[in-house]
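Here is how the chains run, residue by residue.
Number of protein chains: 2
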Amino acid sequence: MKSSPFFAIALTITGVGMAAAQVASAQPRPENASPIYGVTLPEGYRDWKFIAPAQEAPPLDELRAVLANDVAVEAYKEGVLPFPDGSVLVKLAYKRQQSTEFPPATVPGAPTTVQVMVKDSKKFPDSHGWGFGRFVNGKPVDVAQHETCLACHVGNVKDHDYVFTRYAH
Amino acid sequence: MKSSPFFAIALTITGVGMAAAQVASAQPRPENASPIYGVTLPEGYRDWKFIAPAQEAPPLDELRAVLANDVAVEAYKEGVLPFPDGSVLVKLAYKRQQSTEFPPATVPGAPTTVQVMVKDSKKFPDSHGWGFGRFVNGKPVDVAQHETCLACHVGNVKDHDYVFTRYAH
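Here the protein sequences line up with chains V and Z, keeping their order. The first sequence begins at 60 in the numbering used here and counts up one residue at a time. The second sequence begins at 60 in the numbering used here and counts up one residue at a time.
A couple of the hints might just be wrong.
Note that the list lumps identical chains together, so a pair holds whenever it fits in one copy or between two copies.
Pairs of lysine-lysine, BS3-like flavour, derived with a Cα cap of 27 Å [stated by the list, open to error]: (1) Lys198 with Lys136; (2) Lys154 with Lys136; (3) Lys181 with Lys154; (4) Lys181 with Lys217.
In short, the hints are calculated from the structure, not lab data.
Produce the entire structure from the sequences given, and follow the hints as far as they go.
Here it is, written out as structure tokens:
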């Protein structure tokens, strides 16, 4: 059989997937847990404290907000890096929609994704202590999307413990 | 003395200011309280629960987020209108700034205003139960700016108890 670029890519992806599976192999992946990392939507996250808003340009064209649990909020406020184990960040994203009541404003339309980062240096030693989960309608998205998380965070924000969002004072 | 349009406008503004002063006359205005309404920045508001993000177009060009105290959050979740007495909403606003780490994103720059709405039907009978405060660097802005709050909320969102922001689910 002749090797092809596609085959090489497929092998690479499989390799990443297998390495990731080893990370999460200590326990079975819970229902609705993200591939690779086994991260689930944390209970009660919608009531967590607010870190910062953001806007994502088209084509996504979203309004976003990061919330965090108390461990992470404390670290943010104290300027502690790296984030301690137990820190959890959740990013809510919504389609950006023109306000019908106040023309200068755009406001949240339909929710799109919920993205989670969990710090657990024992569980995620191969991803700088972070586990990632991306969810649509409460269900994790596929392996391919989860394979993009780590490289982007490592490539852009390694000096902020791989976390993009800063606390909005 | 000949009356002028400018003079007529000045008289009207003075009249509004006087009527407003009567609303707040029951007790002396606390330090750092808003003119007209006597609303102060509520203690601990930065840790309140998150309602929704928004973006304000140029020239303000801001990212915003509304937080609320537990009374208001409960009303939002239960769909209770009008908001009960004791509800407090706080809107944080920041200059919108290009992310240097992730090109598609804009993120909070310098904070601009913090805007507060307090529901107290006894204290604010002439403004549908709401008191307003707009703060820059922790200090309330002037009377003229506070005179704009009520008319805009009445004109645009009287069917949502004079509150623009909806809960982002």
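Here is how each hint holds up against the structure:
1. Lys198 with Lys136: Intra 31 Å, inter 23 Å, cutoff 27 Å: inter-copy only.
2. Lys154 with Lys136: Answer is between; shortest inter-copy Cα gap is 21 Å, intra-copy 29 Å.
3. Lys181 with Lys154: neither (36 Å within a copy, 39 Å between copies)
4. Lys181 with Lys217: Answer is within: at 19 Å inside a copy they meet the 27 Å cutoff, but 53 Å across does not.
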